[in-house]
Amino acid sequence: MPHEISPVSDRANSVVIVGAGIVGMSAAYFLSQAGWRVTVLDQGAPASGATGAADGAVSVASKKAGPLMTLAVAGAQFYQDLCDAGVLDGEFVRRLTYVVATEPNELPVLDRHATQLREAGVTLRALSKAERDQALGSLAPTTRAAIEVQGDGHAIGYKVVERFRRIGGFAVKRNVAVQGLWRQAGKVAGVETEQGIERADAVLVAAGRGSAAFLDVADVIRPRKGQLIITERGEGIVPRFPGPLMSCRYLISKGSQPGGDAPAGRSFGLVIDPLQTGQFLIGGTREDSADGSQTDIEAVRRLLQEAVELVPALARLRVLRVFAGIRAATRDGLPIVGRLSAHENVWIATGFEGDGICLGPLMGRVSQQLISGAHVNVDISALNPARFRAEAAA
Amino acid sequence: MRSMDVLVIGGGPAGVAAAAEMARSGLKVTLCEQGGALGGAIHRQPGNPARAVPVPRAQSARWHKLSALLAKTDAEVLTFHAFIGLDATGAVLVEDRRQGRLLVLRVRALVLAVGGLERVVPRPGWHLPGVVTVGGLQVMMKVTGRGPAGSVLLAGSGPLLLAVAAQMTALGAPPLAILERSRQVLSPLRAAPLLLWPRYLAEAAGYMRRLMQAGVPWRLGSSVQTIRPTDDGRLETVIVDGAGAVSRIVVDKVALHDGLRSNSDGLPPAAHATDRNPHVVLAGDCREALGGVAAIADGRNAAQQVIARLTGAPPMSSASRRIVDTERRAQQALANIFDFGIPDLLKLPDETILCRCEGRTVGALRQMLATDDQPSPREIKLNGRIGMGSCQGRFCVEWAGAMLAQQTCSAQPAGAEFIGNRWPSRPVAIRSLLGPAVADAISSIPPNESD
Chain U
1 MPHEISPVSD
11 RANSVVIVGA
21 GIVGMSAAYF
31 LSQAGWRVTV
41 LDQGAPASGA
51 TGAADGAVSV
61 ASKKAGPLMT
71 LAVAGAQFYQ
81 DLCDAGVLDG
91 EFVRRLTYVV
101 ATEPNELPVL
111 DRHATQLREA
121 GVTLRALSKA
131 ERDQALGSLA
141 PTTRAAIEVQ
151 GDGHAIGYKV
161 VERFRRIGGF
171 AVKRNVAVQG
181 LWRQAGKVAG
191 VETEQGIERA
201 DAVLVAAGRG
211 SAAFLDVADV
221 IRPRKGQLII
231 TERGEGIVPR
241 FPGPLMSCRY
251 LISKGSQPGG
261 DAPAGRSFGL
271 VIDPLQTGQF
281 LIGGTREDSA
291 DGSQTDIEAV
301 RRLLQEAVEL
311 VPALARLRVL
321 RVFAGIRAAT
331 RDGLPIVGRL
341 SAHENVWIAT
351 GFEGDGICLG
361 PLMGRVSQQL
371 ISGAHVNVDI
381 SALNPARFRA
391 EAAA
Chain P
1 MRSMDVLVIG
11 GGPAGVAAAA
21 EMARSGLKVT
31 LCEQGGALGG
41 AIHRQPGNPA
51 RAVPVPRAQS
61 ARWHKLSALL
71 AKTDAEVLTF
81 HAFIGLDATG
91 AVLVEDRRQG
101 RLLVLRVRAL
111 VLAVGGLERV
121 VPRPGWHLPG
131 VVTVGGLQVM
141 MKVTGRGPAG
151 SVLLAGSGPL
161 LLAVAAQMTA
171 LGAPPLAILE
181 RSRQVLSPLR
191 AAPLLLWPRY
201 LAEAAGYMRR
211 LMQAGVPWRL
221 GSSVQTIRPT
231 DDGRLETVIV
241 DGAGAVSRIV
251 VDKVALHDGL
261 RSNSDGLPPA
271 AHATDRNPHV
281 VLAGDCREAL
291 GGVAAIADGR
301 NAAQQVIARL
311 TGAPPMSSAS
321 RRIVDTERRA
331 QQALANIFDF
341 GIPDLLKLPD
351 ETILCRCEGR
361 TVGALRQMLA
371 TDDQPSPREI
381 KLNGRIGMGS
391 CQGRFCVEWA
401 GAMLAQQTCS
411 AQPAGAEFIG
421 NRWPSRPVAI
431 RSLLGPAVAD
441 AISSIPPNES
451 D
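If you read the protein sequences in the order shown, they are chains U and P. Just so you know, the numbering used here puts 40 at position 40 of the first sequence, and the rest follows in order with no gaps. Just so you know, the numbering used here puts 162 at position 162 of the second sequence, and the rest follows in order with no gaps.
So here's chain U without its partners, still in its complex pose (with noise of 0.2 angstroms):
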């Protein structure tokens, strides 16, 4: 891009944001849009980590209880904000939610996450056995119980990126590995790449995985792995359902809620996502692995089946693409959000695991806040990077 690199006195203030998948993408926007020129490094592509290889679920229904509901809530709001605003407007819908209890002991679990979602003042009804059949007339007759969750919606990571990219007015630079900060007279001025030195007045890593040796505290970060499933459209073959279909081991081996005896190091937890295409996305697993690349069989054998024994009509379809992703998982499951404390123009976004979709934009957003010096509109403390400093400390 013909981009003409002049003195930063002479200009805005700089901002270099390190990683072009979600958040730092709309983090991108929104600096721009407050007068920042920015410059975004990614060592791939846009959205080419866990953003491209995410579902669409800006979802607050699977949310565990606490800052991440809360945040969650906002999330999916702010996306509805942006798309009244025409800045995403196509690129997010607002849909229903089906979380369902299939065996006996998940029946408690969809009360108690039932009670925690209203608390958090989320809209939601139990659905009886007529209104499941007129809803989700797909749904296996051994389904015991479901409830549909208000307020969520669909968006896809790779498409928000490149709304941002199009609308943007900042540069992405592609294949730039990001070495480490650079610094002159003692402060950070910008970041150190392999094709040289990319200067700055403030810095925002959003690196994912990443983002790791950016903390002065190891193993904060860890990688958690996801496979799904895409299968062909299903029209005139799989009656369509209104919203993504969670189970209740959905939940639990996302954390959302405690049980499950899953194996360590690798949990299964079931959603069919029917997508606009006419396509279903089938996942996903959590597992404790860091090669995104690949996929087994006896992960997508497991998926499958547990599909199929929801909505059984889905087995007359043929399975077009499986893939997996790297989520960026924090030791205590909350992402990292904040300046880091050694830096006074160093900040940091990352850690979001399954939720940057749905956490994404709103999260770009408080990092322009928290860069800018502006007031940050939603309660951020939980998700302080100096939390596993003190936590180490002690």
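Among these hints, one or two may not hold up.
As the list claims (entries may be wrong) - To give an idea of the chain U side of the interface with chain P (calculated C-beta under 8 angstroms), a few residues:
#  : residue
1  : Q43
2  : C83
3  : V87
4  : E162
5  : V176
6  : L215
7  : R222
8  : I237
9  : D291
10 : T295
11 : I297
12 : R301
13 : A313
14 : R321
For the record, the hints were derived by calculation from the structure and aren't laboratory data. Glycine is no exception: its CB is placed at the ideal position from the N, C-alpha and C atoms.
Chain U is already provided as a structure; the job is to place chain P on it using the hints.
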């Protein structure tokens, strides 16, 4: 299901040659063919033996010899078995299409010989019903023993146009004309190197004699630019000849062909065995599209490579390798007189279909590329839905890559940069994946540690 050392995928000449050679060396070999019989596209056997399409005598002799060789071994042949992929644990996945079940196999070596791909350069209307590939038309004739009904125009470039036109003529259904895009086919200077391969010249002369007798015109320098549906369900073709003159002709069918190419996108790459994975070798046209003679030699090459790996046999003989080299030169000589180049796709009208599975157009991709900030192949795939369809990108990524290269004046990205090499390499029925017999089919041979 018995225990096995090597799994060969594809029952064409490369796969059969590889399987026969390895079985003769004492390895336990299983050969999977997705269709109902061995032979591949080139040696496709007729559904009814009484209605066989005439093929060159040398070609059928090669197949008879090869299949007899395989029959003398103890290699196991599984028809209606399609390759699905190699998973993260090194398991080879094969769909048994008749039983609707999945085989999960652990083998020491995997030979992929799935055949080449027929190229058809996009042009307006190439996706319409009634437009077929020349190779597809030939396979249909080989199976049914009948020529196509109605009036047919063959267009594109390459010797296959002549062969298929001659076979159609022999079946009493000659094409209206062959439009050969290249003007150089009869140029003595360009054609001279082909004198080294009299086999090809003799074959071509035979076809041309038949076509001349039947009065089928072979129009050099002519190409089909546009195809439109007519109100009565036929196809109107817009033809530009060597002098640039435009004419229109209405036909029932258009068969297109712009050469053959390798077909390794979406397959696991060739690699030495690891503690998880089998030794993987690609053989025949899927590795490099050099035709039937080379495919047999390349299958033997692959076999010798596997034999050396698994048994520690002495270094392979180089005879097969020399045949492949010779055939490569022959194909280069042919490419020199035909026209397998990619035309300027950026000049195609917006509505031209680029990806038939997902209905993606040239215009949509052009719009994605019309920016200073050039997207990577992966971004083109995700945001442009190129390579996302049920063909797993086999047919569109070459053209998307070409457009990207033409727009940016850079080298064309490999297909794998768009689509990687994930399994399933073809859509697979969920029923098959969940089939009950899977566990029974698991063979328990550990990978060979001697590698």
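Going down the list of hints, with the structure as the test:
1. Q43: 12 angstroms, violated
2. C83: The hint is violated - C83 (chain U) has no Cβ within 8 angstroms of chain P, the shortest such distance being about 19 angstroms.
3. V87: 17 angstroms, violated
4. E162: At 5 angstroms from the nearest chain P Cβ, E162 (chain U) passes the 8 angstroms test, so the hint holds.
5. V176: Because about 13 angstroms separates V176 (chain U) from the closest Cβ in chain P, which is outside the 8 angstroms limit, the hint is violated.
6. L215: With Cβ-Cβ at 28 angstroms, over 8 angstroms, it is violated.
7. R222: 19 angstroms, violated
8. I237: 11 angstroms, violated
9. D291: 7 angstroms, holds
10. T295: 6 angstroms, holds
11. I297: 5 angstroms, holds
12. R301: 6 angstroms, holds
13. A313: Violated. Min distance 10 angstroms.
14. R321: 7 angstroms, holds
Hint check: violations occur at hints 1, 2, 3, 5, 6, 7, 8 and 13; the rest are consistent with the structure.
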